[in-house]
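Turn these sequences into a full structure, and let the hints steer you where they fit.
Protein sequences, first through last, are from chains A and B. Quick note on numbering: the numbering used here labels position 76 of the first sequence as 76, and the sequence is numbered without any gaps. Quick note on numbering: the numbering used here labels position 707 of the second sequence as 866, and the sequence is numbered without any gaps.
Some hints could be false.
[To be verified] Interface residues of chain B toward chain A, partial, derived using beta-carbon atoms under 10 Å:
no.	residue
1	K429
2	E577
3	Q775
4	E777
5	A781
6	V818
These are calculated hints, taken from the structure and not from any lab test. Even glycine gets a Cβ: it sits at the ideal position worked out from N, Cα and C.
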Amino acid sequence: MTITITVNDQMREVDSEPDIALLWVLRDMLGLTGTKFGCGIAMCGACTVHLDGKARRSCVTPLESVGSASVATIEALDRTPVGRALQKAWLDLEVVQCGYCQSGQLMQAAALLAVNGSPTDADIDRVMSGNICRCGTYGRIRAAIKLAATGIAAARKAA
Amino acid sequence: MASAAPLLTRRSFLLAASTTAGALAIGFVPAEAAPRAGSLEPDQFIRIDRTGTVTLIVPFAEMGQGALTGGTMLVAEELEVAPASIRTELAPGDDTLYGHALFGDQITGGSASIRGGWMTMRRAGAAARTMLIQAAARQWSVDPASCHAEAGIVIHPASGRRAGYGELVDIARTLPVPQSPQLRTSGFKVIGTPVRRLDTPAKVNGTAKFGFDIHVPGMVHAAVMACPVLGGRLGSVDPAPALAVKGVRQVVQLDDAVAVVADHGGAARKGLAALGPRWSGGQRISTAALIEGCDRALARSGVTAEARGNAAQARTNAGSVFEATYRLPMLAHAALEPLSCTVSLTKEACEVWVGSQVPGHARKAAAEASGLPLAKVKVNNQLIGGGFGRRLEHDWVRQAVLIAKQVDAPVKVIWSREEDMRHDAYRFHNHSHVRVGLDAAGMPVSWEHRIVAPGVMFRFLPIFTKDGVDLDAVGESGSQYAIPNLHIDFVRHEPPPGLLVGNWRGVGTTRNAVIVEGVIDELARKAGRDPVAYRRALLEPGRLRGVLDRVASDAGWGKPLPNGTARGVAIAPGFGSYVGMVAEVARDAGGGFRVTRIFCAIDTGQVVNPTLVRQQIEGGIAFGLGAVLYGRITMEEGRIVESNFHDYRVLRMNEMPEVHVALIDSKEEPGGVGEPGTAILAPAVLNAIRAAGGPRVTSLPLDPSLVART
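Here is the structure:
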């Protein structure tokens with residue numbers, strides 16, 4: 001059946017059984033391969049996307065459950081000031097190694113900063129510990145989230 | 160492959176060269192094979208076109224360790240261009256053209272990309288630069304020695320003439336390729352600087368393509384499940400439930416696996432889940448039996464790997480004897496990107512897209528499985544979402560080609576996390592027994608270490624075996640300390656047939672460091688000596704003692720800590736580097752330990768990129784700590800029990816300690832950095848737990864009662 005969803009501000013029609021996970025719709029039907037498959041059971045966070053701005057594990061999100069929610073993926077992260085600040089901090093602090101988890105890390109971090117402009121270590125741990133990084137970039141991720149938060153706050157003050 | 164590392168720079172290179180005759184390509188293809196219209200291609204690594212764009216064919220896999228950036232920096236240094244201006248492509252699978260200088264074959268492992276590339280990459284850059292300078296000199300009728308290159312331009316200062324590389328390509332490509340171009344030996348401009356990683360921008364916006372992301376026109380997707388019982392076969396399977404899923408096209412049966420082919424991965428996975436395959440045969444082995452087997456092997460004597468003095472006699476004469484048995488578990492790699500392989504197979508040719516640490520081996524596997532000659536098989540290497548040794552194998556490449564033989568389209572074969580966990584190339588169980596004869600002051604006079612391990616190198620890299628000994632398995636197993644009598648005994652103990660065991664980050668160094676450094680630490684304790692002072696007394700002045708002194712100083716060794724907090728130290732040579740670590744642990748109210756801070760000092764010779772070195776140490780620590788806390792693969796009735804990250808836990812952010820890395824200033828040849836951090840983490844943590852009043856841990860992972868609740 002044909003189902004219409006909104007992805008990165010575009011209406012997309014997909015022909016799929018309704019219980020197929022959003023992850024595969026994004027990757028294999030819409031070509032948005034920035035969202036990664038890691039575990040399939042919401043244990044690693046590599047597949048994290050936003051549904052109406054909130055972080056969701058797309059590997060356990062059935063297509064039929066998306067409804068009218070707006071889906072945002074890593075490919076659209078640079079459309080928000082928070083997203084751009086995070087990407088810059090990730091580059092400035094050389095966070096990335098293999099990079100396979102980083103789409104999910106960035107999407108999770110963006111969801112955090114959207115509701116908490118100056119997260120503490122404990123806040124970061126609480127929100128980010130569902131995202132596995134096997135390369136061990138955790139320390140740099142933590143620092144980069146704080147750097148991005150500082151940058152966003154400074155930009156707001158200046159504006 | 161790790162253990163022999165310090166030897167590799169000279170002797171083993173010659174060994175490799177002599178034992179893999181013909182397969183070793185360190186230098187350059189013959190000049191007549193190189194030129195292609197419109198570009199300068201002095202060798203298999205470098206291509207410069209008429210616009211001056213430099214393309215580097217990177218012979219290493221990029222799996223997060225930064226070899227793409229490091230290798231590019233080495234070329235940039237000699238070619239006199241900015242690293243960021245160089246386009247990079249991952250080399251295709253070709254053991255002849257892209258063989259590693261130390262290993263022979265095209266292998267990314269053993270923390271050796273920079274070690275192998277130190278000469279080959281710089282020579283490639285220098286050869287191209289030399290030709291471009293000669294081309295300019297010819298054009299200007301001046302002495303090449305009166306010209307130099309800078310930022311992609313050849314300059315003749317006396318006349319003020321300048322020419323960009325692109326303008327010189329047509330002349331340069333007619334010149335002979337210098338066989339021994341002059342290399343810079345000091346005054347590096349690029350080497351040693353924190354050049355930003357070249358692969359990062361694409362990894363923060365979703366555009367980086369990993370093997371799992373490959374799309375080939377007309378491609379279908381296959382989800383696969385191999386027999387979950389060790390060595391078992393596929394009995395029968397009714398394809399109907401899968402074919403009833405929308406988008407599913409086909410069910411493919413292999414001898415030992417079943418795959419569902421569909422229009423997209425979601426349908427393939429749903430179809431596979433709907434199947435009820437019946438499996439037959441296999442070995443109903445359990446972990447208890449594997450451990451018993453290792454213990455029985457521990458009672459045998461094996462092959463002498465190393466001997467100095469007369470250890471048995473010295474022990475007999477010693478005042479007292481200390482003994483310890485260590486048992487290390489089976490481990491999975493659990494890289495975040497599950498395995499995948501995309502195959503386009505016709506009667507005439509086979510093209511493969513896969514992230515591989517051994518693309519040349521993958522090519523041979525694809526040739527064998529497809530029945531095509533090697534020349535008709537192309538392997539396109541891809542970015543890897545974490546390797547850690549898993550992708551030094553090629554079992555899944557063979558499987559993907561066998562599936563492709565039954566599918567009338569290019570096919571991407573994807574493994575689930577469960578498949579990845581249950582069909583890994585595991586680090587096998589390792590058992591060790593150490594006996595130390597002690598003098599009256601508690602100092603060792605003899606060291607006997609019996610190592611029970613599989614001989615992975617006999618299969619994987621025979622040049623790392625000698626007289627029945629797997630040189631990796633016995634590396635760094637005691638001889639790093641100045642103990643007069645020493646005997647290292649290697650008992651080769653293979654897993655049951657069908658259980659694939661291989662290389663896991665840190666390889667032999669990782670398994671032996673936890674044993675050696677645990678024993679030494681306990682000896683210091685028994686002697687009533689400070690663990691740093693005790694080690695110092697057993698070390699000649701040198702690089703290993705240097706990292707011990709540095710890390711002790713950085714960590715404030717000896718300074719008081721709050722109650723329930725303690726430090727542990729460990730040191731090891733390995734991969735051409737020397738590493739020292741101090742771990743701090745804190746005991747929580749429940750009696751469990753949390754690792755709070757790590758100090759590390761590494762002497763890795765000439766640092767090519769300090770950021771990459773720090774990243775690797777930080778990552779090695781996280782990888783090693785996850786294994787210390789939780790890592791254990793078990794088998795029941797021939798089936799691997801663990802399946803995903805809920806029952807094979809890895810380190811998470813809330814468990815990541817604060818990490819401080821010190822790089823020792825050195826002009827020695829570069830060592831490896833990908834594995835030392837993992838190798839040295841476990842003993843530093845276990846020694847800290849002991850110092851904090853915990854038990855002497857001799858088997859891993861930690862008992863859950865010793866792990867802080869998170």
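Results for each hint:
Taken as an interface hint, K429(B) checks out: its beta carbon lies about 7 Å from the nearest beta carbon of chain A, inside 10 Å. Taking 10 Å as the C-beta cut-off, the interface hint given for E577(B) holds, the closest approach to chain A being about 8 Å. For Q775(B), the interface hint holds, the least distance from its beta-carbon to any beta-carbon of chain A being 8 Å, beneath 10 Å. With a least beta-carbon distance of about 5 Å to chain A, the hint placing E777(B) at the interface is held under the 10 Å criterion.
Checking A781(B) against chain A: minimum C-beta separation of about 3 Å stays under 10 Å; hint holds. Because the beta carbon of V818(B) sits about 6 Å from the nearest beta carbon in chain A, less than 10 Å, this interface hint is met.
The structure meets every hint from the earlier list without exception.
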